[in-house]
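Protein chains in written order, with this note's numbering: chain Y, 1 to 313; chain W, 1001 to 1476; chain V, 2001 to 2303.
To be clear, the hints were calculated from the coordinates, so they are not data collected in a lab.
There could be a bad hint or two in this list.
To be verified - As a list, the in silico DSS-like pairs of lysine-lysine whose alpha-carbon atoms are at most 30 Å apart:
id : chain 1 : residue 1 : chain 2 : residue 2
1  : W       : Lys1424   : W       : Lys1447
2  : W       : Lys1137   : Y       : Lys258
3  : V       : Lys2058   : W       : Lys1408
4  : W       : Lys1424   : Y       : Lys164
5  : W       : Lys1317   : Y       : Lys258
6  : W       : Lys1447   : Y       : Lys258
7  : Y       : Lys258    : W       : Lys1310
8  : W       : Lys1312   : W       : Lys1326
9  : V       : Lys2135   : W       : Lys1424
10 : Y       : Lys44     : W       : Lys1326
11 : Y       : Lys44     : Y       : Lys92
12 : Y       : Lys72     : Y       : Lys44
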Amino acid sequence: MPVPHTAFEATTNRALRVFLHGLPGVDEVGARTRAQDLATRSIKTTAKRQAIDLAIRMVDLTTLEGADTPGKVRALCAKAALPDPADRTVPKVGAVCVYPDRVATAVEALRGTGIGVASVATAFPAGRAPLEVKLADTRCAVADGASEIDMVIDRGAFLSGDYKKVYDEIVAVKEACATAHLKVILETGELVTYDNVRRASHLAIHAGADFIKTSTGKVSPAATPPVVLVMLEAVRDHHAATGRHVGVKPAGGIRTSKDAIRQLVMVNEVAGPDWLSPDLFRIGASSLLNDLLMQRTRLSTGTYPGPDYYTLD
Amino acid sequence: MIFDYAPAPESRSVVRLRDTYDLFIDGEFTPAEGAGTLPTVNPADETELARFAVAGEADVDRAVAAARRAHDTVWSRMSGAERGKYLFRIARIIQERSRELAVLESMDNGKPIKETRDVDLPLVAAHFFYYAGWADKLAHAGLGRDPRPLGVAAQIIPWNFPLLMLAWKIAPALATGNTVVLKPAETTPLSALVFAEICQEADLPPGVVNIVTGAGETGRTLVEHPGTDKVAFTGSTEVGRQIARSVAGTGKRVTLELGGKGANIVYDDAAVDQAVEGIVSGIFFNQGHVCCAGSRLLVQESIADELLPKLKERIGKLRLGDPLDKNTDIGAINSAAQLERIRELTDTVEEEGVQRWSPSCELPSAGYWFAPTVLTGVSQAHRVAREEIFGPVLSVLTFRTPEEAVAKANNSPYGLSAGVWTEKGSRMLWTAERLRAGVIWSNTFNKFDPTSPFGGYKESGYGREGGRHGLEAYLG
Amino acid sequence: MAKQRRTAEAPKPPRLAVRKTYKLYLGGAFPRSESGRCYPVTSTDGDHLANAALASRKDARDAVAAARKAFGGWSSRTAYNRGQILYRVAEVLEGRRDQFAAGAERAQGLSRAAADEAVSAAIDRWVYYAGWTDKVAQVLGGANPVSGPYYNHSAPEPTGVVAVFAPQGAPLLGLTSVLAPVIATGNTAVVVVSESAPLAAVDLAEVLATSDVPGGVVNLLTGRVPEIGPHLASHADVNALDLTGAGDLAAEFEEAAATTLTRVLRPGPGADGGEDAWLDPDPGTARMTPFLETKTVWHPIGV
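The following block holds chain Y by itself, in its conformation from the complex (with noise of 0.2 Å):
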């Protein structure tokens, strides 16, 4: 697989295009078939409880509605610190994501408790903004605390083939992030084709991306398995070729354990072991936290919970 090791930092359109569509295709129905088949795994009894451990350390506890307060946020807050009041075994989640403006009162909220703050910057979800909002958003959103900011790509550049507007825009927002880490949102319900998932995954990693994520949550279909599957085979031969790790964030759609364990599963067999770990794989979910809560507590008691026991937010 040709991948540059260079910087495109005086590239062109044309080299990009050459790079991108220089990769190998990707079969849908080998696709779909690999992700079905990784989906027969069956995870049990101690396996199973290191798989639900591990998937509440990576949740990124997520609210993005227009309706958000920071009463919302910040009890979405209180939930990611303590997921379970009645067992202080249960570990804490991997970062809150939040709007922009929900920054300040998410990192007030969160202080003392290790967990950082994700936001949505560059005009999210749609990023239909000039390339100066999307900045200004992101530097807004670092300078109230974010320590990750989840950008999204523009997919009308992308799809009408301009690959450089969309790497020059990535490579602008990292810079804008100053130590903040950058997760790339691929939207790939909007790409639709897996070939596309590929060209743009390797297009983020290359433009800086620190992780690369499936989906804003706002258009369906979003974290399907063979999406992550195809964006989890992008990092590992990223990996491969330069020994960079770079990390992937499946997002919306995931709601029960059985699809978190899924994702596990895909993490272990595709990409590999060194990805099991919050710093390179993230789960963006809201209701899946109390799923997981959920099995963990009939794991350990043996006896089917209902949702009355566990806090909303």
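The hints should help you fit chains W and V onto chain Y, whose structure is shown.
For chains W and V alone, coordinates are given in the frame of chain Y:
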């Protein structure tokens, strides 16, 4: 982090084994008149599962006579619609009892429950369902206006897909109005004997299906029995030759599904990750106990260095062990004899300059096991590139041009299957057109379907099973 | 004076006919047997008609080699093109029908009417199979509705080199009836023609040679089935046998063929009959399917 999957064993409690299984003749389980019994063992731990009767000449006689009687008096006279309804009924019972059959098959054969559950059993039921629908439509099959059954079919099936091969044999035979005497392999007789119970459960008229168990001698007796009209065999090319010889001049019809040495051609523009999956399923599906396995990887030299590390990394992820564990990818080798055969063919390859590689993988202490193996530096002249190993052993060869790929792929007395991996449609069709093999999987491998004819060119046998074509073998 | 002199002379002797040397037809050429042997051919009344080449084991071997060499080209021609060529055979045969009818009268003792009927049927048989070339794949093949996202298609392909034992008692129509379906489907043929009445086959070879049938697609051997048959039956590079004219040796040849799983078409009803056993104008696909392999191709359907 290391993510160890805890054992996830499928429960054996769905299977109720008898100590000893009799022959199934004329609708009843009946003791063999001589020859005693043989054991069938679980190849994953070498424990004896049950014993089964060995049918001798007198038993085969009885079975053929019962089949003849059933053919002449009941089955060939029944309307196609009614015959079809029996087959639909059998298909439904198989679906109902599929978990039991899947577990039983994994115990008797050694193949992973993942495969028996997700591949074998669904295909078995689908095969009966498909041919059930043909029973009253034979006049539309393009095989004459009033096609007639041949009579009694002698059917001999192998151990690699015991129940699926039974379905491939029995479903079309019954749909076309023939009656059968079927002999399962001596290492995997159990699912056929449970199928006999299913025939009883379905109220299939006595004698339409007869199951005679035993080893090679029973098979020979059945093949040579003058009272049959048709021999259908799946197994080794060597036995296929003997059968073709013994039916010469008898007027019996014969179809043979024999060995293979399938080439899996990967061009430099292939979808590499899916090609890796196809290579893996091509050779490691069912421990490589597959006549159509892609046992020869022909990779374009320009991407060999990129593909092989990916392939090895992927093989390293395969999970070998307890066939009943739901996470097992590679089960046990079916028998001590087969394990010996695989070893015999591979033990000396390094002396011939071949590089041998297997992932680090712990083999269970009891049972018959062979680690997935990749042989590189193989040339056409090596024995492992020519002979069917019938085990989890992949021989890797390279090519430079499409012409060379096709020439190497076809350079074999076999011609059962081949694979082609390219993202270029015209090249795929060009290659598929030139490959001398009965099944070409392009950008996929080891896919089966009741509607899709299966069978080989050259020494891989003759006749087709599956689809409309599969009817031809049972109609005169 | 001159007139008188002429009258006085003996009448001009009838012109001496140029006889044909009947040879083999191998790889598009007409060689003698490599063995240098020939055998006398007589009419049904016992009159000597000609000598025919007595093909040897090595001639059979050369014929298989020629057929194999021609197989790639012939089988990869378009079905339309093969149909055009088979139709051309009919055209050329029609132009020489008197020759064949006379030959049938002389060699087989047929009435002129019966000979004409056999020749007409032979011509029509070539037309019949010319029409089949581009239909048989549609009739025997097609799409298979598999349960999954796959395009799946089966089509017949020629099996390869077919050794044909032509009917002994039907040297033209019988020969045509067994040969035409073999080559219509893209196979190449090595034919052991009627031993007792081989001349029509050699005449037919001349028709084939002038009808754009590429050399090696049809190879005709005159000689004895017991001598050359075993070598064809056991030949590892022969893919199929048509045992129609193999007589008592059919079972033995079938057994020999088993060693390399060579496909076998057993002698059917009428195998021992005369030309009139081959008159059915619509023999269908029965003589094509034994020499066809079904190839099934799968491909995923996705974006």
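Can you give the numbers of the hints that this structure goes against, from lowest to highest? 2, 12
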